[in-house]
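Below, each chain spelled out in residue letters.
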Amino acid sequence: DAGVTQSPTHLIKTRGQQVTLRCSPKSGHDTVSWYQQALGQGPQFIFQYYEEEERQRGNFPDRFSGHQFPNYSSELNVNALLLGDSALYLCASSMPGQGLNGYTFGSGTRLTVV
Amino acid sequence: RKEVEQDPGPFNVPEGATVAFNCTYSNSASQSFFWYRQDCRKEPKLLMSVYSSGNEDGRFTAQLNRASQYISLLIRDSKLSDSATYLCVVNTKNQAGTALIFGKGTTLSVSS
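If you read the protein sequences in the order shown, they are chains X and C.
The first sequence maps to residues 441 to 554 in my numbering.
The second sequence maps to residues 37 to 148 in my numbering.
Check each hint, because a few of them may be wrong.
As the list claims (entries may be wrong) - Here's a subset of chain C near chain X, in silico, CB distances under 7 Å, partners left out: (1) GLU79; (2) PRO80; (3) LEU110; (4) ALA135; (5) PHE138; (6) GLY139; (7) LYS140; (8) GLY141.
Stated by the list, open to error - A few chain X residues that face chain C, going by a derived Cβ cut-off under 8 Å, partial list only: (9) ALA478; (10) GLN481; (11) PHE485; (12) PRO501; (13) LEU530; (14) GLY546; (15) SER547.
Stated by the list, open to error - Calculated lysine-lysine pairs in the DSBU-like style (CA-CA distance at most 35 Å, straight line): (16) X:LYS453 / C:LYS78; (17) X:LYS453 / C:LYS38; (18) C:LYS140 / C:LYS81.
These aren't lab readings, by the way, just hints derived from the structure by calculation.
All C-beta atoms in this analysis are idealised placements derived from N, C-alpha and C, irrespective of residue type, glycine included.
Take the sequences, apply the hints, and build the full model.
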């Protein structure tokens, strides 16, 4: 049973560019949440998708947007990249009724903005 | 004030030591509480949930004090393999859904 899969694992982008990160949730999970973890910090909640809609959003600018597809996979898009966007981006999946004990993280995408 | 605050660390302890981590949270509506473990350059993994009655899992004991909005994790008989960053996590549910709020993490280094 595959867990949460994220791609790519690493990438390097230039300031001002746009980036798309991808996440496939664990089998049976229908909710996807995205987190940003800067070096030396804890993960910070970006947003959560359920039934192809953004259900909840953290304190991130509109440059951060997302999408969820009918197969529950999700994308995180970041426009006009800044140096400060360099971080580990984590995707977590879950399903209703399972509680947060079932919350599963992917291994993340490490984004470096130069 | 940050929503979840932890001891800054790092904690450097010898094998066999007992170490305690503390955490406070600011939102009294928080409903669920967890400790996660994160190894270097890896994803966070759930270590244990934290209940008001306190709970134990082997060498690990977690405590929650809702009145003080305080969470703790005690590790007894530390092993080299316990070296990691420990993240205090709370969840506050609202109509929109749920999201985990993480502390900054406390790094533990166990040496032989």
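- prompt: Among all the numbered hints in the text so far, which are the ones the structure does not match?
  reply: Violated hints: 3, 9, 12; rest satisfied.
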